[in-house]
Amino acid sequence: MIVFLARRLVFMLLTMLAVSIILFAMLEVNVESIAVRVLGAYSTDTQREIWLEANGYLRPIYVRYIEWLGNFLVGDFGESTRFNTRVADILWPRLGNTGLLALFTFGIMIPISLTLGVFAGMREGSRTDRSITFLSVITTSVPEFASAVLLSFIFVFWLGILPGTSGFTDGFSLREMILPVMVLIIYDFGYVARMTRASMAEVMQSPYIRTAVLKGLPYRRVVMRHALRNALIAPFTVIVLQINWLLSGVIVVEYFFAYKGFGALLLEAALNNDIDLIQACAMIAVIVAVGTQTIADIGYTYLNPRIRFT
Amino acid sequence: MDKKELASVHVALPNLVEQLEKGRTTRRDFLRTSTLLGLSATAAYGIAGKITGEHFVAPARAQGTPGGTVRISMNVMELSDPSLADWSQKSNVYRAVNEPLAKIGADNITRPYLAERWEANDDLTAWTFHLRENATWSNGDAFIADDVVANIEKWLDEAHGSSNYSRFSSLESADAIDDHTVRFNLSSPDLAVPESLGDYPALIVHRNFWNNGGSFLDNPGTGPFQMSDYTVAERARLNRRTDAPWWGGEVMLDEIDIIDHGDDPSAYLAALASGQVDLLYEISADQVAAVRGMEDLELYETVTGQTGVARFHVTSPPFDDPRVRRAIRACIDHDVLLELAFQNLGTPGEDHHVAPIHPEYAELPRPQQDYDLARSLLAEAGYADGLDIEINCVAQPTWEPNTCQVIAEMLRPAGINLNVNILPGGTYWDRWTDWPFGFTSWTHRPLGVQVLNLAYRTGVPWNETNYSNPEFDALLDQANATLDLEARRAITEQLEQIIQNDSIIIQPYWRAIHTASNRNINGFELQPAREFDFPVWSMSSS
Numbered sequence: 000m001i002v003f004l005a006r007r008l009v010f011m012l013l014t015m016l017a018v019s020i021i022l023f024a025m026l027e028v029n030v031e032s033i034a035v036r037v038l039g040a041y042s043t044d045t046q047r048e049i050w051l052e053a054n055g056y057l058r059p060i061y062v063r064y065i066e067w068l069g070n071f072l073v074g075d076f077g078e079s080t081r082f083n084t085r086v087a088d089i090l091w092p093r094l095g096n097t098g099l100l101a102l103f104t105f106g107i108m109i110p111i112s113l114t115l116g117v118f119a120g121m122r123e124g125s126r127t128d129r130s131i132t133f134l135s136v137i138t139t140s141v142p143e144f145a146s147a148v149l150l151s152f153i154f155v156f157w158l159g160i161l162p163g164t165s166g167f168t169d170g171f172s173l174r175e176m177i178l179p180v181m182v183l184i185i186y187d188f189g190y191v192a193r194m195t196r197a198s199m200a201e202v203m204q205s206p207y208i209r210t211a212v213l214k215g216l217p218y219r220r221v222v223m224r225h226a227l228r229n230a231l232i233a234p235f236t237v238i239v240l241q242i243n244w245l246l247s248g249v250i251v252v253e254y255f256f257a258y259k260g261f262g263a264l265l266l267e268a269a270l271n272n273d274i275d276l277i278q279a280c281a282m283i284a285v286i287v288a289v290g291t292q293t294i295a296d297i298g299y300t301y302l303n304p305r306i307r308f309t
Numbered sequence: 000m001d002k003k004e005l006a007s008v009h010v011a012l013p014n015l016v017e018q019l020e021k022g023r024t025t026r027r028d029f030l031r032t033s034t035l036l037g038l039s040a041t042a043a044y045g046i047a048g049k050i051t052g053e054h055f056v057a058p059a060r061a062q063g064t065p066g067g068t069v070r071i072s073m074n075v076m077e078l079s080d081p082s083l084a085d086w087s088q089k090s091n092v093y094r095a096v097n098e099p100l101a102k103i104g105a106d107n108i109t110r111p112y113l114a115e116r117w118e119a120n121d122d123l124t125a126w127t128f129h130l131r132e133n134a135t136w137s138n139g140d141a142f143i144a145d146d147v148v149a150n151i152e153k154w155l156d157e158a159h160g161s162s163n164y165s166r167f168s169s170l171e172s173a174d175a176i177d178d179h180t181v182r183f184n185l186s187s188p189d190l191a192v193p194e195s196l197g198d199y200p201a202l203i204v205h206r207n208f209w210n211n212g213g214s215f216l217d218n219p220g221t222g223p224f225q226m227s228d229y230t231v232a233e234r235a236r237l238n239r240r241t242d243a244p245w246w247g248g249e250v251m252l253d254e255i256d257i258i259d260h261g262d263d264p265s266a267y268l269a270a271l272a273s274g275q276v277d278l279l280y281e282i283s284a285d286q287v288a289a290v291r292g293m294e295d296l297e298l299y300e301t302v303t304g305q306t307g308v309a310r311f312h313v314t315s316p317p318f319d320d321p322r323v324r325r326a327i328r329a330c331i332d333h334d335v336l337l338e339l340a341f342q343n344l345g346t347p348g349e350d351h352h353v354a355p356i357h358p359e360y361a362e363l364p365r366p367q368q369d370y371d372l373a374r375s376l377l378a379e380a381g382y383a384d385g386l387d388i389e390i391n392c393v394a395q396p397t398w399e400p401n402t403c404q405v406i407a408e409m410l411r412p413a414g415i416n417l418n419v420n421i422l423p424g425g426t427y428w429d430r431w432t433d434w435p436f437g438f439t440s441w442t443h444r445p446l447g448v449q450v451l452n453l454a455y456r457t458g459v460p461w462n463e464t465n466y467s468n469p470e471f472d473a474l475l476d477q478a479n480a481t482l483d484l485e486a487r488r489a490i491t492e493q494l495e496q497i498i499q500n501d502s503i504i505i506q507p508y509w510r511a512i513h514t515a516s517n518r519n520i521n522g523f524e525l526q527p528a529r530e531f532d533f534p535v536w537s538m539s540s541s
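Sequences listed follow chains A and B, in order. Quick note: the first sequence, position 168, residue 167 per numbering that gives the first Met the number 0, numbers continuous. Quick note: the second sequence, position 379, residue 378 per numbering that gives the first Met the number 0, numbers continuous.
All the pointers check out, no bait thrown in.
Have a look at the derived ranges for each label pair, beta carbon to beta carbon: (1) A:Leu-72 <-> B:Gly-248: 51 to 61 Å; (2) A:Phe-156 <-> B:Thr-241: 34 to 44 Å; (3) B:Glu-118 <-> A:Phe-156: 46 to 56 Å; (4) A:Leu-173 <-> B:Arg-27: 47 to 57 Å.
Taking beta-carbon pairs under 10 Å as the criterion, some of the chain B residues facing chain A (in silico): (5) Ser-265; (6) Pro-423; (7) Gly-424.
Rather than coming from a laboratory, the hints here were simulated on the basis of the structure. Note that beta-carbon positions come from the ideal geometry of N, C-alpha and C, so glycine has one too.
Given only the sequences and the hints, what does the whole structure look like? Please build it.
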């Protein structure tokens, strides 16, 4: 097990290192564009040259990369040209906001999707199963931007009972959280529910469940004691991987509701060529993606007794 | 005022009054030109009222109940030096604190502001500005001529990088005559000095601004507000100054609260509809119909000189061949373009960048769509088998890529395959003067010659077409020095004709601009360049 963990950790670090090299090379090969971004389109060639020299951009790219990596590891992500402040000062609050959004979404979505998935999978082909599957397919098929427009029309413009944006300008507001969370839940709960349903249906077909039923155990006890634990192994992996989606895959929702989160920050950084900010956001997204993948792998191994290492 | 008194203000004023009396100029043009020449707005309106029967309407002053906060949805951008402002959103924040010498109203007329009045010499090469004696800086210093001189000197320093450098290209120096009088010395006549002083980057900062770090946030202002809270891309809050009375009188608002809702227009409108803000910086043309259907909201529309141009870099192939440029222009139906790309909310363009609302506008025969001409010009230029080209434009606002898409469809029947390359704003603007074919938005300016000076004169920084025509430059010099409106219109007609003939731009349409508010805000008028006039606003309780 220790060897397995060490291997996963080394693989994770190598992946992040490789991505950081690619990212840095893509963004910093053309130093001229960085100077244009900082000094503006009307700056002269001489001004740009002086700025590049003063900020160390004329040094070899590998020297700059090593310096950047060293700074990144100690939490110094550089300066944002868009926000005119340290990247760390803007990044962590935004990450916190997205974490809050993810917390609310997970807190509501996971119980709903697991319950619906288990109910559907318990009696495969039943009316309940068909209804839940239909609902799940429909909601998952509607993209976030469409459900955001629809919900906004209903609750903001028509009924007038919810705020249209979620910027928390006057501090945290539960009412402002409702629409973005609702859109994310509608989009994602069907996916998790269907994965749970498939896993549950598979478990319910397994010989040991049939044996338990045939030997006369109450159905409720068969489900709760024998089926559920095994049926939740596959959804566990899916749920952990949703963390990654909730971090950087919610750009549309954050943009639509003016939610000041990590996804919107990444978009803003990209639209404004804010190099240090793009690098920091991308690296954080990579760390979360690789980290959640590793956690999912380790968790799956722990939960599934059929996978064991000697 | 009799003719002698008028002539003492400026020698051209008696003639201008005569033109109005004989119906050779409109009331609006009379007001504009006479105030430019130093006649007070009150006197100008008085004379015009006597002649035309339309009496003086006092400029809006703050009315209503003192107190209250106005909440505005607008991008909060990085703030540094007002003279480096490149977006009017920035200048709207700056303007609450730092003020201009002249202000352009919602009626497109320039009025004295920090300068109480001004005069020009007969040939318009020296302008004398008399400053308000009761204006003070928020640090207690008096507002004096040295402040203005320090600003002008900075603007004229090319290395500083202000767009005022080209805006005041004829300005050589500014001299403080006494504490409250400044003289501008010009190398060539320029009619538009007051108009340029009303443009959004021409705000006056304290004389020690650059010695004190050069940051807006750490320096005083003469305006009625001061910054209290500011985070880029999130929020800016300004509170009414309490240290001393504002020179302009009573200000009703206690606070201005600017909230950044990002770049999605639907977010702005949702914020207004749900009462999170009182006013939007803008709404898109697509949203006008929706706002019309919402009873609780007020819709504002203003006809402007705002536009976008699909401009050719005339030294980059294949656009260095005038036949190619003419062929592309010949494919355009401006009326259809306006209808499809901008919901008919404006006026069709004529490919010369002088708007019908500009006083010196001269009407030319409208450009007509002519595919036969386009095909023959292309064949002549060696593209009989078709031409593949690309236009670069920004993704937002959507009217810009939409217009490019419609242009692409219009070019197709002539065998021109136009690829529309939609770029993030930052990427486009980093190279906006370099694209071989690009679509650039241009803001409103009160006079036609102002835009021509900025964009089409040889060698100026904003000449994105790389156009260079000595004949055009010479005519532009003449227009800059011609006060008589009829004479200036005749010169402008030639300038328009040259731009059309040389086919350096496709100018699809002039945009009407729109915004919306709730019904709690009083005194707001939609100015053609979206400049906010906070001191005259007030809030009703909802």
